[in-house]
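Throw the hints in and build the complete structure from the sequences for me.
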Amino acid sequence: MKYHVDGELVPESEATVNVRDRGFMYGDAAFETVRAYGGTVFEWEAHADRLANTCETLGIDHGIDDEELHERVLETLRANDLTDAYVKLSISRGVQPGKLTPGPTTDPTVVVIVAELPRGGTEGEPVWDGPATVQTTMTRRVPDAAIPADAKTHNYLNGILARTELIEDADEALLRDTDDYVAEGATSNVFFVGEDGLHTPSLDGPVLPGITRSVVIELADEADIPVYTGQYTPDDVRSAKEAFLTNSTWELRPIETLDGIEIGSGPVTTLLSRRFDARVERDHYE
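The opening residue of the sequence shown carries number 0 in numbering that gives the first Met the number 0; numbering runs sequentially from there.
Simulated restraints, written as ranges between beta carbons of each label pair:
no., residue 1, residue 2, range
1, T121, L99, 42 to 52 Å
2, G265, D128, 12 to 22 Å
3, G6, A145, 27 to 37 Å
4, D128, T177, 25 to 35 Å
5, G229, I260, 13 to 23 Å
Calculated from the structure, these hints are not laboratory results. Here a beta-carbon is modelled for each residue, glycine too, at the ideal position from N, C-alpha and C.
So this is what it looks like as structure tokens:
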């Protein structure tokens with residue numbers, strides 16, 4: 000494999016960063032996980048906007064425009080002969096004197112790594128091997144006032160701690176906020192279907208504004224499925240007719256059980272999954 004490190008394509012064995020890099024030392028870095036379909040990037044502009052927002056929140060002025068970052072992603076895909084892939088783009092503040100207070104960003108570290116994924120779209124297959132087994136954890140989502148929820152940073156300890164609580168066969172953790180309302184999964188957004196339509200936790204809470212989350216809401220609107228955002232308890236999800244998770248690699252993944260209570264897929268999940276696949280097929284393969 001070849002990865003993109005600070006403007007250069009290098010073999011995987013040479014793709015390294017300085018041990019004093021602030022991304023390594025403090026998690027002082029921004030990243031985006033994106034999906035490539037047919038050699039092009041899904042929802043690039045939305046990912047670039049969210050990355051820019053995270054960098055602004057952290058005060059990382061890396062000085063690289065979105066077009067250049069996009070080209071580095073495409074170069075990495077081409078260098079590895081990949082058309083369908085997982086892509087992670089990371090930007091750290093770089094190496095600075097060993098103190099917590101950051102200085103101006105003068106030499107950022109920019110890394111692109113990729114890995115092969117199955118084809119997407121109507122002719123594709125899911126990354127996951129079955130519906131998700133989900134478990135509500137004691138670990139809570141960090142309050143937005145402590146770490147802004149819309150900042151996607153290298154510090155993923157919150158999600159890691161939640162995942163360490165999972166029983167052996169669980170796939171994802173369900174995190175609540177400090178008021179016991181559902182926030183999100185460790186690496187996913189949560190949707191469920193009630194009698195009145197589709198529900199997902201509001202971005203007013205500590206919820207990452209997922210790119211796939213936004214696309215699913217658009218698809219639901221196009222299908223005249225009512226969409227509601229608000230505050231929900233785990234019991235609201237457990238008693239739902241259907242429930243699913245979203246992220247860039249999973250796309251839409253049904254929740255088979257939450258805390259051992261069966262939920263499963265259904266007509267709304269199936270319809271939205273098919274519409275998602277059709278959009279990917281239209282935009283990336285036709």
